[in-house]
Structures are given as structure tokens and as C-alpha cells.
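Chemist: If you want the building blocks of each chain, they are given just below.
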Amino acid sequence: MHELSIASSIVEAVTESAAAYPGARVKEVRLRVGALASVVEDSLQFCWELATEDSPLAGSALVIHMLPVVVHCEPCELDSPLDGVQSFRCPRCGEIAADLRQGRELEIESIELENPEQSLGDPATNEPEKAEEQA
Amino acid sequence: MTTRIVELRRGILKKNDELAAGLRNRFTSAGVLVLNLVSSPGTGKTAFLERTLRELRARGSQVAALVGDLETDNDARRLAASGAPVRQINTHGICHLDAEMVARHLEGWEGVSLGDLKLLFIENVGNLVCPSSYDLGERIRVALLSVTEGEDKPLKYPGLFNSADAAVITKVDLAGPCGFDRDLALKNINEIRPGIRIFETSAKTGVGMDAWLAYLTQEAGI
Chain A
302 MHELSIASSI
312 VEAVTESAAA
322 YPGARVKEVR
332 LRVGALASVV
342 EDSLQFCWEL
352 ATEDSPLAGS
362 ALVIHMLPVV
372 VHCEPCELDS
382 PLDGVQSFRC
392 PRCGEIAADL
402 RQGRELEIES
412 IELENPEQSL
422 GDPATNEPEK
432 AEEQA
Chain B
48 MTTRIVELRR
58 GILKKNDELA
68 AGLRNRFTSA
78 GVLVLNLVSS
88 PGTGKTAFLE
98 RTLRELRARG
108 SQVAALVGDL
118 ETDNDARRLA
128 ASGAPVRQIN
138 THGICHLDAE
148 MVARHLEGWE
158 GVSLGDLKLL
168 FIENVGNLVC
178 PSSYDLGERI
188 RVALLSVTEG
198 EDKPLKYPGL
208 FNSADAAVIT
218 KVDLAGPCGF
228 DRDLALKNIN
238 EIRPGIRIFE
248 TSAKTGVGMD
258 AWLAYLTQEA
268 GI
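In order, the protein sequences belong to chains A and B. This note's numbering puts the first residue of the first sequence at 302, with every later residue one more than the last. This note's numbering puts the first residue of the second sequence at 48, with every later residue one more than the last.
For the record, the hints were derived by calculation from the structure and aren't laboratory data. Any given hint might turn out to be false.
[Unchecked claim] Derived BS3-like pairs: lysine-lysine, alpha-carbon spacing no greater than 27 Å straight-line: (1) K165(B) to K251(B); (2) K234(B) to K203(B); (3) K61(B) to K328(A); (4) K234(B) to K251(B); (5) K328(A) to K62(B).
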């Protein structure tokens, strides 16, 4: 049950990134989670509400994109997704394939912000810099 | 109302990963081999580590251990009987160790200087799920399972077994009474982590300890 720790880490990371857009509300957080990341989707969703409560992310949605394990088979020169995580064999030739190309991901892919026009990164707010450049 | 999608592409455990990378550099420069021992509660990590520490010390190796548990310092006291420096990490409810806990417990560890050590063992909290996500800066992650747990443990917990560098089967002295199917267990480990080094041991009788110790001394370059 480390989903609460994971959820808290996401809240921390997103709050940090969203700070560049003052006034914006985080509407959605999108994750990429590999099948071997030892994260249970339902459990993480359950913890999301708890972790975001009383934070700037309260009420935001968590969208979890689960990724299958992808193995590389040397003889076939082929990357193939696996159906499960019970056997690491090339689906084409049946040989053992220990070279993992995907499946351990645990990352925040993107966030969707509402009212982000006040972004610090928005050129409109960087007028003083532009003015300096012109001078 | 306008919305905007901001690409982050950021690791959720980035902070832990960065701390762990720093620890790994520290361990490498100090010339100490660090192992992270992971298993379910009751696999016999502590008994296995007790014997490992004792035998390595008998061979004159400088060894130490950090041991994680939710509460109590029972395991640290057991391990300290080997004569090796041991420090307990109490997580107070957290189900895994993380790099920050390891870093914090390396500080102010009386009588221990990383540069003097050859091997440092980190006994993780008994749990086969959560520790797999947290890099502690170790060079070798060891997954342990006992003959009393059933041969299909690696299939049930692929995340952990797939992330391991070595596997240890413990309590092999009980294999007979438990009806342990050795071939099936080895096959299952290999399905999840093809080609992994597997050691079959009993901390009680000492069976298989020589091969394990030879592996350690070779990896530690001693």
C-alpha cells in the first residue's frame, strides 16, 4: 500500500510545476504507469482524493494510462508488447526475452490547466524583458 | 474558459531517484558494495543476514547493516550479535525504505565510516510490492523467498522479482516437509527474471551459504 506515498509525490511535483501558472486551476493530471511499476490503479485513484484534499489540486481528475511491458527479442530484432507480466518471452518466437523496453514507467505525462492565461511562461507577461531587449 | 495542456514528462519518484543516484555515487567512491534485501515478512531475511554478517566477519571483511521495520529495534539487536555495526530504521507505518531514510541513517552512525566498509546490507521492510519502486542507491537488489511461501511467489509479485539482480531461496532445510517443488520454483523465477543468479540456502544448516558468500566477495572485490 504505497499508493498514498505515490499520490503525495504526484501532488508535490504537480504543485511545483503548476506554480509557473499562478491563478490556473489543475483540472486533470495524466500519468503513464508501466505494468511492472507495482501500482494498483484503483488504489491510486482512491488515494488521489485523500492526497489532494486541502491542496491546490483538490477536485482534479487523475487519468492513469497503463502501459504493457514491451520486450526486445534479439533474434527477431523485434519489440513486442506482452499480454501480462507472468512470462518474459518473445510472443513471436517464444524465446526468453529479458531486455525490457517498457513497463517500469511511473511518470507524470502532462497536466491540464484551467485559466492558464496568467502563466509566468506566457509571452504576454514578459513585456518588461522584451522592453529591455529593445532598449 | 480556456484550458491548456502542459507536458511534464517527469518521474513521479524523481526526488527519490535523484537522492538514490547521489548515494550510489557515494558508495562507489567509498568502494563499498551495497545490497538491498527484499522479501515478504517471515521469509527469514534477518536470519539469513545474521549468518551472512557472521561468516563475512569471520573472514575478516568489514561489513555493516541498516535494517528497516515499521517499529521495534528487535532485528537490529539480533544482527548486532554478529559484532557488525547495525542501525535500525523505523519507518513508523511506511511500508518501504526510501533513499532519504537511508541517507539520514548514514549520518552520525557512530563508529561507521563508509570508506572503511567493504559491504553494506540494507534489509528492507518486509513487503514484496512497494520496495520495488524505491531505489536506495544499491548496486545489487536481492529478492528472497522461502520454501514455505510457495513456488508461485515470483509470478504473484513480478514487479519485485523482475527488478532483482539476485534471488535467494531460504529455509531449504524445510523443503521436504513443505513439499517444495524446487524445479517449479526455479522455473518461475526464470520466467520473471530470465538468467538471474539464484542461491538456495539455509541459514540454519549453512547449506548454500558458501556459494552466496563467494558471490559477495567476488562482487565486492575482496
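Chemist: Run every hint past the structure and note whether it holds.
Modeler: Each hint tested on the structure:
1. Distance hint between K165(B) and K251(B) is fulfilled; the C-alpha atoms sit about 25 Å from each other, no more than 27 Å.
2. For the given pair, K234(B) sits about 14 Å from K203(B) by alpha-carbon distance, which is consistent with the 27 Å threshold.
3. Only pairs whose Cα atoms come within 27 Å are accepted, and K61(B) paired with K328(A) is accepted, the gap being roughly 22 Å.
4. Between K234(B) and K251(B), the direct Cα distance comes to roughly 25 Å. Compliance with the 27 Å bound is thereby established for this hinted pair.
5. With a C-alpha separation of about 24 Å, the suggested pair K328(A) and K62(B) falls inside the 27 Å cut-off, and the hint holds.
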